[in-house]
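*Asks:* Start from the sequences and build out the full structure, keeping to the hints where you can.
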Amino acid sequence: AQSVTQPDIHITVSEGASLELRCNYSYGATPYLFWYVQSPGQGLQLLLKYFSGDTLVQGIKGFEAEFKRSQSSFNLRKPSVHWSDAAEYFCAVGRGGADGLTFGKGTHLIIQP
Amino acid sequence: DGGITQSPKYLFRKEGQNVTLSCEQNLNHDAMYWYRQDPGQGLRLIYYSQIVNDFQKGDIAEGYSVSREKKESFPLTVTSAQKNPTAFYLCASRRGTGELFFGEGSRLTVL
Numbered sequence: 114a115q116s117v118t119q120p121d122i123h124i125t126v127s128e129g130a131s132l133e134l135r136c137n138y139s140y141g142a143t144p145y146l147f148w149y150v151q152s153p154g155q156g157l158q159l160l161l162k163y164f165s166g167d168t169l170v171q172g173i174k175g176f177e178a179e180f181k182r183s184q185s186s187f188n189l190r191k192p193s194v195h196w197s198d199a200a201e202y203f204c205a206v207g208r209g210g211a212d213g214l215t216f217g218k219g220t221h222l223i224i225q226p
Numbered sequence: 075d076g077g078i079t080q081s082p083k084y085l086f087r088k089e090g091q092n093v094t095l096s097c098e099q100n101l102n103h104d105a106m107y108w109y110r111q112d113p114g115q116g117l118r119l120i121y122y123s124q125i126v127n128d129f130q131k132g133d134i135a136e137g138y139s140v141s142r143e144k145k146e147s148f149p150l151t152v153t154s155a156q157k158n159p160t161a162f163y164l165c166a167s168r169r170g171t172g173e174l175f176f177g178e179g180s181r182l183t184v185l
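First to last, the protein sequences are chains G and H. If you want this note's numbering, it's the 1-based position in the first sequence plus 113. If you want this note's numbering, it's the 1-based position in the second sequence plus 74.
If you are wondering where the hints come from, they were derived from the structure by calculation, not from laboratory data. Wrong hints could be hidden among the right ones.
What the hints assert, rightly or not - In silico lysine-lysine, DSS-like type, Cα no more than 30 Å apart, as pairs: (1) G/K218 with H/K88; (2) H/K131 with H/K145; (3) H/K157 with G/K218; (4) G/K218 with H/K83; (5) H/K83 with G/K162; (6) G/K218 with H/K131; (7) H/K145 with G/K162; (8) G/K162 with H/K131; (9) H/K83 with G/K174.
In this text, all values refer to a predicted model and were calculated from it rather than measured experimentally.
*Replies:* Printed below as a string of structure tokens:
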């Protein structure tokens, strides 16, 4: 069965500092991988996705993620965070099938001034 | 603009009542989904539908029901059999390449 692990429940970063959110997955085949962001009381917005090809993918709002097959990881990074990046971040895995995506439990990002 | 509309945004229910959450999309997507979100639990799949008049149970379908009479609409009913219905409910549709697009969510509180 597929699964997603986000090891960090909470992360606190100073504004302007770099960010890395971790995501590890378990999947039987080459997965499609996604990062979503959720502001409080809102729906999820897609940040970026990986299907195949270049293992470093660029997304919206200055985010990027790197797919590492050997480590079963798809970590999200941003060189310099802004206070508006404070939110919940979810990693998800799937294969484009009808049963949708499997989500991790999320990482809550706190930005310190 | 294309998107997914969920209503109501907030809903209160007395114990023993059924309630229905609305989800409408104008993205022309075939597949639609309902997820439940609880603090610290991520998103858990309740039901999904690939086409009109067809739907499948997800991981936590007990106490819920759905219908898919139109491509655009996928309402979720939270029945009185759902023992702990207080949660945030998210509806989504799937693009052909696999990513999901989400509505703004509906928060259900049992009084």
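*Asks:* The structure should be examined with respect to each hint, and the outcome stated for every one.
*Replies:* Going through the hints against the structure:
1. Of the supplied pair hints, the one linking G/K218 and H/K88 holds, its CA atoms being roughly 29 Å apart against a limit of 30 Å.
2. Of the supplied pair hints, the one linking H/K131 and H/K145 holds, its CA atoms being roughly 18 Å apart against a limit of 30 Å.
3. Taken as a hint, the H/K157 and G/K218 pair is honoured in the structure, with Cα atoms around 22 Å apart against an allowance of 30 Å.
4. Under the criterion of a C-alpha separation no larger than 30 Å, the hint pairing G/K218 with H/K83 is consistent with the structure, at around 23 Å.
5. Among the hinted pairs, H/K83 with G/K162 is consistent with the structure: their alpha-carbon atoms are about 28 Å apart, no more than 30 Å.
6. Between G/K218 and H/K131 the alpha-carbon distance is near 21 Å, which keeps this suggested pair within the 30 Å criterion.
7. As the CA atoms of H/K145 and G/K162 are separated by approximately 26 Å, the hinted pair is consistent with the 30 Å bound.
8. The straight-line distance between the Cα atoms of G/K162 and H/K131 is roughly 26 Å, inside the 30 Å bound, and the hint therefore holds.
9. This hinted pair checks out: H/K83 and G/K174 have alpha carbons roughly 27 Å apart, not beyond 30 Å.
Consistency note: the structure conflicts with none of the earlier hints.
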